[in-house]
Each structure stands twice: as C-alpha cells, then as structure tokens.
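Put chain D on the given structure of chain L with help from the hints.
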Amino acid sequence: MHPHQSWGRYPRAEHTGVVPVLWRSDPPALSEVSGKLLPFAYGRSYGDSCLNAGGALLDVSGLRRFISFDEARGVLRCEAGVTLAEVLALIVPRGWFVPVVPGTKRVSVAGAIANDVHGKNHHRAGTFGAHVTCFELLRSTGERLLCSPERNVELFRATIGGLGLTGLILWAEFRLKRIPGARITMDRIRFSCLSEFYQLSRDDQEYEYTVAWIDCLARGRALGRGLFLRGDHVAGGGGAQYEDGPAISVPVDLPSGFIGRATTRFFNTVYYHAQLRNRQRRTLFYEPFFFPLDGIGAWNRLYGEKGFLQYQCVTGEDSESAVVDLLEQVARSGEAPALAVLKRFGRIPSPGMLSFPRPGVTLAIDFAMRGSSTLKLLDRLDRIVAQAGGAVYPAKDARMSGPSFQRFFPKWESFASQIDPKFSSSFWRRVSAA
Amino acid sequence: MSLRHDPPARVLIVGATSAIAGETAKEFARNGAHLFLTGRNAGRLTAVADDLRVRGAAGVETAVLDAADVATQSPAIEAAFATLGEIDVVLVAHGTLPDQERCQEQVEETVKALQVNFTGTIALLTLIANRLQAQRHGCLAVIGSVAGSRGRRTNYVYGAAKGGVEIFLQGLRSRLFPCNVTVLTIKPGFVDTPMTAGLKKNLLYADAGRIGRGIHRAIVRRKDVVYLPWFWRPIMGVLTSLPEIVLKRLPI
Numbered sequence: 001m002h003p004h005q006s007w008g009r010y011p012r013a014e015h016t017g018v019v020p021v022l023w024r025s026d027p028p029a030l031s032e033v034s035g036k037l038l039p040f041a042y043g044r045s046y047g048d049s050c051l052n053a054g055g056a057l058l059d060v061s062g063l064r065r066f067i068s069f070d071e072a073r074g075v076l077r078c079e080a081g082v083t084l085a086e087v088l089a090l091i092v093p094r095g096w097f098v099p100v101v102p103g104t105k106r107v108s109v110a111g112a113i114a115n116d117v118h119g120k121n122h123h124r125a126g127t128f129g130a131h132v133t134c135f136e137l138l139r140s141t142g143e144r145l146l147c148s149p150e151r152n153v154e155l156f157r158a159t160i161g162g163l164g165l166t167g168l169i170l171w172a173e174f175r176l177k178r179i180p181g182a183r184i185t186m187d188r189i190r191f192s193c194l195s196e197f198y199q200l201s202r203d204d205q206e207y208e209y210t211v212a213w214i215d216c217l218a219r220g221r222a223l224g225r226g227l228f229l230r231g232d233h234v235a236g237g238g239g240a241q242y243e244d245g246p247a248i249s250v251p252v253d254l255p256s257g258f259i260g261r262a263t264t265r266f267f268n269t270v271y272y273h274a275q276l277r278n279r280q281r282r283t284l285f286y287e288p289f290f291f292p293l294d295g296i297g298a299w300n301r302l303y304g305e306k307g308f309l310q311y312q313c314v315t316g317e318d319s320e321s322a323v324v325d326l327l328e329q330v331a332r333s334g335e336a337p338a339l340a341v342l343k344r345f346g347r348i349p350s351p352g353m354l355s356f357p358r359p360g361v362t363l364a365i366d367f368a369m370r371g372s373s374t375l376k377l378l379d380r381l382d383r384i385v386a387q388a389g390g391a392v393y394p395a396k397d398a399r400m401s402g403p404s405f406q407r408f409f410p411k412w413e414s415f416a417s418q419i420d421p422k423f424s425s426s427f428w429r430r431v432s433a434a
Numbered sequence: 435m436s437l438r439h440d441p442p443a444r445v446l447i448v449g450a451t452s453a454i455a456g457e458t459a460k461e462f463a464r465n466g467a468h469l470f471l472t473g474r475n476a477g478r479l480t481a482v483a484d485d486l487r488v489r490g491a492a493g494v495e496t497a498v499l500d501a502a503d504v505a506t507q508s509p510a511i512e513a514a515f516a517t518l519g520e521i522d523v524v525l526v527a528h529g530t531l532p533d534q535e536r537c538q539e540q541v542e543e544t545v546k547a548l549q550v551n552f553t554g555t556i557a558l559l560t561l562i563a564n565r566l567q568a569q570r571h572g573c574l575a576v577i578g579s580v581a582g583s584r585g586r587r588t589n590y591v592y593g594a595a596k597g598g599v600e601i602f603l604q605g606l607r608s609r610l611f612p613c614n615v616t617v618l619t620i621k622p623g624f625v626d627t628p629m630t631a632g633l634k635k636n637l638l639y640a641d642a643g644r645i646g647r648g649i650h651r652a653i654v655r656r657k658d659v660v661y662l663p664w665f666w667r668p669i670m671g672v673l674t675s676l677p678e679i680v681l682k683r684l685p686i
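Read top to bottom, the protein sequences are chains L and D.
The first sequence begins at 1 in my numbering and counts up one residue at a time.
The second sequence begins at 435 in my numbering and counts up one residue at a time.
Simulated from the structure, these hints should not be mistaken for laboratory data.
The structure displayed is predicted, hence computed values, not measured ones.
Mixed in with the good hints there might be a few duds.
The list that follows gives simulated cross-link-like pairs (lysine-lysine, DSSO-like), each with its CA atoms no further than 30 Å apart [unchecked claim]: (1) Lys635(D) - Lys546(D); (2) Lys306(L) - Lys657(D); (3) Lys546(D) - Lys621(D); (4) Lys621(D) - Lys635(D); (5) Lys376(L) - Lys422(L); (6) Lys422(L) - Lys411(L); (7) Lys635(D) - Lys105(L); (8) Lys306(L) - Lys635(D); (9) Lys376(L) - Lys411(L); (10) Lys634(D) - Lys105(L); (11) Lys634(D) - Lys546(D); (12) Lys682(D) - Lys621(D); (13) Lys376(L) - Lys177(L); (14) Lys682(D) - Lys635(D); (15) Lys634(D) - Lys422(L).
Some residues of chain D that are not near chain L, with every Cβ distance over 12 Å (derived) [as the list claims (entries may be wrong)]: (16) Lys460; (17) Asn475; (18) Ala505; (19) Gln538; (20) Glu542.
Partial list, computed: chain L residues near chain D (C-beta under 8 Å) [to be verified]: (21) Ser68; (22) Phe69; (23) Leu217.
The beta carbon of each residue, even a glycine, is placed where N, CA and C say it ideally should be.
Looking at chain L on its own, in the form it has when it is part of the complex (with noise of 0.2 Å):
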C-alpha cells in the first residue's frame, strides 16, 4: 500500500509499472515485462538509487518469509522482502543478533545487500556484505543463480553494494552474532569541538558501536562539538518485546519551513547542553539505541512536501581539515541542516566492488529540500570531498553529477559490466552519463 517513492521525497518519479513479486518458487517472467526494470522493497533510500522514472519497479515487499535458521552456527536464510525488524524479532531471543544494523531496522535484506549498509560497528564488523554468505539472483533471460565467494564470484562482488542493477535478489543467507542479551550499555560524551572527537574516535577498537552526533550549526571554536556515543551489548532484557509499529507517527506533511535554521538551532543547543555532565553512562534496550528515529512512523514529512535530502560523504583517514571544511560551509550556508553524524570508519574491506565506506571519517548530514541553493552547496561539499579523496553515498544521494560518482568509485566501469541489461535506476541513468 505504501507508495513507490524514496525517503527523501526528493525527486519524485513517475513509474510505469510496479510488478509484485510473491513467490521465490515462480517469480515474473522479466523478459515480458516492458521496460527497465529496478527491485523496490520499503523505499528506505534516501535519493533516486530505488527510483526508475519511466521504468517500471519490482515490488519484493511480498517476498516475506524466511526460509532456514541454523540456531546453533548461527545462519539465517531468509527471501529478499523480510525486513531487519522481522529477523531482530525472530533471533534477538534466542541470543542472536545482526552482524551489522544500520539506522534504521525497516529496511529489506535484499536492500541490506544492495546498499552494502554500514552501521555504528563498522571499524570492527565491517559492511553487511562482508557477512552474507550466498544469495540467489534472477536474471532477466530467467536464468537464476547462486552467488557466493566461491560461484559466480564477480556478480557477487557486485550485487553486494550494486544498488539492484544487477538482478533480482530473491533470497539471501547471511552470517549472525552471539549476544548476552537485548540491552546495551551506553556511554553519551560530550565533546566541545572537532578535534576532541578525533580523540575520542581514536579509543574505537575498544567499544562494538561508536557514532557521534554533531551540532552542525555551531562555528568558531566550537565547530564540530557534539555528542559521543558508544555500547557494547550486555545481558539483560531477555524475552524482547517486539513492537510491530512505531509509538507514534507523522500523520500528515508538516509545512516545509518547519524544518529551518531556528528550529534545528533551538534543538540542538537543547540536545548539547541536555546532560548535566559531560559524561554520562546508561543501559538500554537494544532498539532506541540503534533505531531511535524508528520509534516515529513517517518522519520524513516532517520536511513537508518539498523533502529533504541527506548528503553522506567518506573523507580519507587524515582528515580533519576537510571535516573542518565540510561543517565550515555547512554552518555558513544559510541553508537548513538538521540532523548530522559522524563516525569513523575502519579499515575492513567489503566484497563489494561499489561498496562506499572506506577508511577515515564519514559524516552525515540532513538537508531540507530549498531548490538550487540547497543542491549548491552540495555540489561545493563534492568538490571538498573529492579533493580528499574521499566518496558520496549513493544510497542517500539524489544529485550528484556522472563525474564526481566516477571519481568516487574508480570501479565503476568493472561493475558496469556486471549490470543486467534489462536493469536500470534514476541515479543509474544520471551518474553514468559521461
């Protein structure tokens, strides 16, 4: 029921068709469907990588179910559509966990796969990819084929992180991890600027999950101050109440100037100054911790009907200045962040060949959609970016240009041959024009 747009609401496309795809066991016929063609689950990307304007989309939202759970090595199975929620759900329980969960656990695994998701453990776990073990993909001349690092190595190097265009994930097998329990002890840090986080980031190998939340209007000597965040998984919280929805949600488009420079200022002096002191250590369930904006339904309509966009950039290992750089224009802008994070990467490789994180310091920020002057000032970020050697990520982009992605993802071309030709995306079409 849920309408085929991105999350960011920003572009929206007009699609052709959208063909549900039920069951593993006969799927579609993709030759005869007309068009190209591009997988969609629950729409969590924040740009155009799950938008196919003019094609047509392959809806796995109705491949749900799960297919083998070894308990005692600890391997699931499961078809593309089930969502991270549903496996939290299912294994949390019996002690089992994700390898790696992004921000938020209403995505699809096949989405997991595609993206190569990262998330707060990445300088000890890596990317989701690096845990999946095989999946099988459908080929729109039908053939379907298990992939894996042993057979079909190079379709599998690129389906992992290959945003869909490289056929049809009908199910995936992925590694879990051991957990004492459904809690997380968390300790919440204040820090004054940049440079302090760089400290703090240093001490990473220490904590399973560290990420950092950051004041990105602050400028001066405080630029880059923020809040410190990292948990380690402790007992406790046993039989794990599983909420099906969100608490609470945005029932309607907020206006969208709701969202601009004196809301977000207002929040975020409230949030920076929130804890008395500057250090501050509790235990949680696991859910708020890795998903806090889960617990809001829809709150990408807090942006209004213009969206919004998120800009997630990698910088190299060494670079502070560029991060000093990238706040620097952002606070001068004019425009309207809101939410921004930074984490430091590790140095684990993905199997994917268009993979995004890399080692150094990524950072993340949310951007209300005002048109041209908004997209600027992207496209300026992209200049600091490349100049360090850095990358954007695709799964959040909507905008950037066919050089800059090329640039970013050297392997670009090698992938490129891996595509199915019957495949094809909005951000597809744009970053590989020349």
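Then chain D, alone, in the frame of chain L:
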C-alpha cells in the same frame, strides 16, 4: 499454565498460500503449533512451510489440494487427519475474487467463481465437519466476507458465494454445537493482499497481518462470528438495515 504441558495445537489450513492464511499461520507457528497446509501450488506451499518452521512451528506438512476440484479434496483431508491424528483447528481460507463485470457477461466466469468460492467450499466443509463431529472437539474457522452480508451491484457474484457459505455455516454451527465443535465465520473487510492487488486502495483497507492476528484471537476465544477489523460490524449493520428501495438506488 505452562505451555509445555499442553500438547501443541494441531492445525489444518486449506488455502495456506493466501496472504491472510499465511499471517494467521504465523500466529499458530509462534505458539509452537503443528501445521498441515494445503494449497494448489507445491512450490508455494514449500515456501510457506519453511517460513512457519523457522517461526517456531513444531512441525509442518503439506499436500496439494484444489478446492474447486472436489475429487482432490478427500485424499488431502484424509492425509491431514492421518498425519495430525486429531485436529484442533481447521482454517478454510481458499478463495478467488472474481471480476464482477466479466461474470455478468460470461456465464462460465460466474459458474467458475461459484465453483471455487461456494460449491468447493461446501464440499470441503461437509468432509471436515463429519471428521470434527466424530472426534467431538475442535474449531472450524472459515473465511467469509463482509460482501456476503448484502448483495451489492459491484460485487454480488462473490457476495452470493460468500453469503451462501455463511448461511451453511450457521446451520453447521448449530449442528456441531452439541459435539463441542466451534464454527467460526470470519468476515474480513478490504484487505491489502495479492487478491486485491488490482483494486484501488482506500483508508478502509487493512494489512493482512492485522487480519491474521484477529483470526487467531477469535479462534482462541471460541467466537461464532468475527468482523475484521472490528469497524466492519457497525458498517455492515447500517448496510444490512437499508431497505431495498434505498439500496437499489445507491451506486455501491
């Protein structure tokens, strides 16, 4: 009361590859039931069975049964009782949504729709009712429809089939009552499933998971009739009380 002392519920589902049946089956699987599934397509049955095993079912068996083909019914039902011994819950969930306009134009379409949604169902219920009567316990839950409450110009062939089944169930309920067998008539409204994929959705549409949980709850509570979601009971209350002189003028 500890679940360990209860033997797992033994559940037979006819039409187990339907979305509503699948969602109901998940509730039984979560509670450790032993399930026997039937449907037209073996590959799809396997997919549903795998899912229910992972979700906690004590066991899942399958058999191919085409409800429209009365000859295939008896062997599959025999197999279910042979496998499970006695059966605590039977959910009859097969069905198709015929195209009303095509039914009006082609007699064959109408007959086919009635074959699946009425004749086949009645034959099946007759077989199953006798088994449940003999074992003297159990619940027979059958998916009807709010469309079966009142004939409307936009959907009366489907409505007639479902309405016919519901009248049959009323009689069956009285007949089986002395034998400790519950007969549950399930009346879902609009549900967002592959069966309704071609229809335009509105606010009255419910998610199949919600319907499945509602069916499970109604079975556990030994209800006679349940509207899902609940708001269809007052809606149908109004619709069934409209005099014909009014209804025939409405475009619904």
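Do the hints match the structure? See the list:
About 26 Å separates the Cα atoms of Lys635(D) and Lys546(D), which keeps this hinted pair within 30 Å; it holds. Distance check on the hinted pair: Lys306(L) and Lys657(D) sit about 48 Å apart at the alpha-carbon level, beyond 30 Å; violated. With a CA separation close to 22 Å, the supplied pair Lys546(D) and Lys621(D) stays within the 30 Å bound. Taking the CA atoms of Lys621(D) and Lys635(D), the gap is near 19 Å; set against the 30 Å cutoff, the hint holds.
Of the pairs offered as hints, the one joining Lys376(L) and Lys422(L) is violated, with about 33 Å between alpha carbons and a cut-off of 30 Å exceeded. Taking the CA atoms of Lys422(L) and Lys411(L), the gap is near 21 Å; set against the 30 Å cutoff, the hint holds. At roughly 26 Å between alpha-carbon atoms, Lys635(D) and Lys105(L) fall within 30 Å of each other, so this suggested pair holds. Distance hint between Lys306(L) and Lys635(D) is fulfilled; the C-alpha atoms sit about 24 Å from each other, no more than 30 Å.
At most 30 Å may separate the alpha-carbon atoms for a hinted pair to count; Lys376(L) and Lys411(L) meet this at roughly 27 Å. With a C-alpha separation of about 29 Å, the suggested pair Lys634(D) and Lys105(L) falls inside the 30 Å cut-off, and the hint holds. Of the pairs offered as hints, the one joining Lys634(D) and Lys546(D) holds, with about 24 Å between alpha carbons and a cut-off of 30 Å not exceeded. For the proposed pair Lys682(D) and Lys621(D), the alpha carbon gap of about 23 Å is at most 30 Å, so the pair holds.
Restraint check for Lys376(L) and Lys177(L): not satisfied, since their Cα atoms lie roughly 43 Å apart, outside the 30 Å limit. For the given pair, Lys682(D) sits about 25 Å from Lys635(D) by alpha-carbon distance, which is consistent with the 30 Å threshold. Annotation: proposed proximity of Lys634(D) to Lys422(L) holds, straight-line Cα distance about 29 Å (limit 30 Å). Not every CB of chain L lies more than 12 Å from the CB of Lys460(D), the least distance being 10 Å, so the non-interface label is violated.
At roughly 7 Å, the least C-beta separation between Asn475(D) and chain L is not larger than 12 Å, which violates its mark as non-interface. A cut-off of 12 Å between C-beta atoms confirms that Ala505(D) is not in contact with chain L; the least separation is 24 Å. Its beta-carbon lying about 27 Å from the closest one in chain L, Gln538(D) satisfies the requirement of being farther than 12 Å from that chain. Interface exclusion of Glu542(D) from chain L stands, the closest Cβ pair being 26 Å apart, more than 12 Å.
Because the beta carbon of Ser68(L) sits about 6 Å from the nearest beta carbon in chain D, less than 8 Å, this interface hint is met. Annotation: Phe69(L) was flagged as interfacial toward chain D, and the flag holds, the nearest CB pair being 5 Å apart, inside 8 Å. Taking 8 Å as the C-beta cut-off, the interface hint given for Leu217(L) is violated, the closest approach to chain D being about 40 Å.
Checked against the numbered hints listed earlier, the structure breaks hints 2, 5, 13, 16, 17 and 23; every other hint is satisfied.
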